[in-house]
Amino acid sequence: MNLLMLLEMVAQADPDRIAVTAGDRNVTYGELLRRASELAVEIHPDDAAAAYLGENSPEAVALLFAASMRGVPYAPINYRWTDTQINEAIGRIAPVSVLTDQNCSPRVRTGPAVRRMGRTGATTAIAVTPDQDAPGVLLFTSGTTSAPKAAVLRNRHLVPYVLDTIDFLGAGADEAILVSVPPYHIAAVSSVLTSVYSGRRMVQLASFEPDEWVRTARSERITQAMVVPTMLNRILDVIDSDGGGLPDLRHLSYGGGRMPAAVVERAMRLLPTLNLVNAYGLTETSSTITLLSPEDHRIAASSTDPAVRARLGSVGRALPSVEIEIRDETGSSLPAGRSGEIFVRGDQVSGEYLSHQATDAEGWYPTRDRGYLDGAGFLFLEGRADDVIVRGGENLSPAQIEDRLVAHPAVADAAVIGVPDLEWGERVEGFVVLDDEAVRPEALQEWVRAELRSSKVPAQIHVVDALPYNETGKVLRRELRARLAHEGALG
Amino acid sequence: MKTGTRLVSVACDTEVMVVRSADVDLHCGGHLMVDAVGERSAAEPSSEFAGGTLLGKRYAHAGSGLQVLCVKAGQGTLSVNGVALSILESKQLPSSD
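Chains A and B, in that order, give the protein sequences. Our numbering applies: residue 1 is where the first sequence begins, and numbers increase by one. Our numbering applies: residue 1 is where the second sequence begins, and numbers increase by one.
It should be emphasised that the hints constitute simulated quantities derived from the structure, not laboratory data. All C-beta atoms, glycine included, are put in the ideal place defined by N, C-alpha and C. Treat the hints with care, as some may be off.
As the list claims (entries may be wrong) - In silico contact screen, one side only, chain B against chain A (beta carbon under 7 Å); selected entries:
hint, residue
1, Leu-55
2, Gly-56
3, Gln-67
4, Val-71
5, Ile-87
6, Leu-88
7, Ser-90
8, Lys-91
9, Pro-94
10, Ser-95
11, Asp-97
So that you can see chain A by itself, here it is in the shape it has in the complex:
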């Protein structure tokens, strides 16, 4: 089995169904398969991968299947990187054929092992025996804490999930999904696979912009979409100000970072009939491993039990095909309610990089995310293991302190980090974006102390205009650390 098979089946059964809408252009499933065959011819037989550099486009979708036709992985590259980073990444997966959009064309340095794909329009039947162990996709991790690593996702990690959970051609004729996450994000890859197999029309936005997102959702009668946390609040701002709602949208999933419960509650208030799904997953786990379902959202929002209500801030429960375990520093499994590192196991879990295999002998993958399970199996995220602040031997979760800061009426956004400290090893410092400039940092420290232990009170709170985020909604803590180090050097 391979990725190509998913498209072949749909193109065979319903070739005239629209697969991709990009601006005024519509591409049917039959045309998508034909375009994939054309691109496959341009992938050199010696290549180890077919890379894509550019914004969302029907070509990127076709290349994913073209690569599968050739038996090599599809490798979407982050176009927001610098030219140096881009060419370094492409060099790491060479020999490689590279397809770009128009804007990115000048950015690729070609050479004997890095070839540019053109449009020859030739079609030749290529027969590669589908191999479930062959790599289907190479994705570079976001690299918020370290240099990006190339994760390997094989056909057997990607295809069974689709076959198990998606009804073949199960999408109604009116269904359309709005794709605004960039093509190099795992959510974009998994969205292509599930949308294709269900025969759902994919409406692509070249890149995310909130007004354009809302306009497209209305004009294309979008029925479902996936957004990252930073996108959702900006979409809600647009809807809140123009009052137009999203009449056709039935289903909105969010993930890719921690979503403040306040934003979820705002979405439920502004779009009360919408089905919300919170999904947690990683590149290395082929996307989603836990889900907070629409029903979970409604039960939590209407509950008077604080433990149930708190689940609105969770990422839900493990998929039936996935196991989750919380472990301490010694590797021992922890009971419900105890925080530790999140380990995951299942058929879709790869945990493999070009450089090494990160799963243990029993197949468990250490996510480097911290969190805990409640008594009913709902998973609560506490941030990256590397972000944990160790103050005087006590492990402090930035997430808990950030949640408390954001709950203050004057605070729009907050992040806390650990700063090297002679006395404590590390001390807590906070960054806040204020809605009300009049509030004093001391009042915010007092606000934290009133709810949490005094060890969790930030020693200093810095007021900033905005927090640094990457384009998929992850706060860049290393930039905050660098900012403080810089100020320290000056001061």
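Go by the hints and put chain B onto chain A.
Relative to chain A, chain B alone:
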């Protein structure tokens, strides 16, 4: 039969891919299925195994655990040891992408 193996019917257009392997012989239309590279004969589905296969459906044999995905539909019925395979419904999840 290895996972990922493609098998074709000699009696109709049915093609399947093995999703979960088992050590059994798979028939379609009452005739043994062959490797996709093998030759087809002109045999017709026998009357008791002529219910047809549906594209995109997964079929399972409870006794052995065999699971196959129909990648091309035909007129024959899939069977193991004279027992027709049953359709396996997908475990639909709320869409997360």
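Hint validity - B/Leu-88 Cβ closer than 7 Å to any chain A Cβ = violated, 9 Å
Against chain A, run the beta carbon of B/Leu-55 and see if the smallest gap drops under 7 Å.
-> holds, 5 Å
Hint check, B/Asp-97 versus chain A [nearest Cβ-Cβ separation less than 7 Å] = Since the shortest Cβ distance to chain A is 4 Å, the answer is holds.
Per the CB criterion, is B/Pro-94 less than 7 Å away from chain A?
-> holds, 5 Å
Closest C-beta approach of B/Val-71 to chain A relative to 7 Å, hint status = For B/Val-71, the interface hint holds, since the closest Cβ of chain A sits about 6 Å away, which is under 7 Å.
B/Gln-67 as an interface hint toward chain A, with CB separation required under 7 Å | violated, 9 Å
Closest C-beta approach of B/Ser-90 to chain A relative to 7 Å, hint status = Since chain A brings a Cβ to about 5 Å from B/Ser-90, closer than 7 Å, the hint holds.
Is the shortest C-beta separation between B/Ile-87 and chain A less than 7 Å?
-> violated, 12 Å
Given hint B/Gly-56 near chain A, where the shortest CB pair must fall under 7 Å | holds, 3 Å
Given hint B/Lys-91 near chain A, where the shortest CB pair must fall under 7 Å = holds, 6 Å
Identify whether the interface hint at B/Ser-95 stands, where standing means a beta carbon of chain A within less than 7 Å of its own.
-> holds, 6 Å
Violated hints, in rising order: 3, 5, 6; the structure is consistent with all others.
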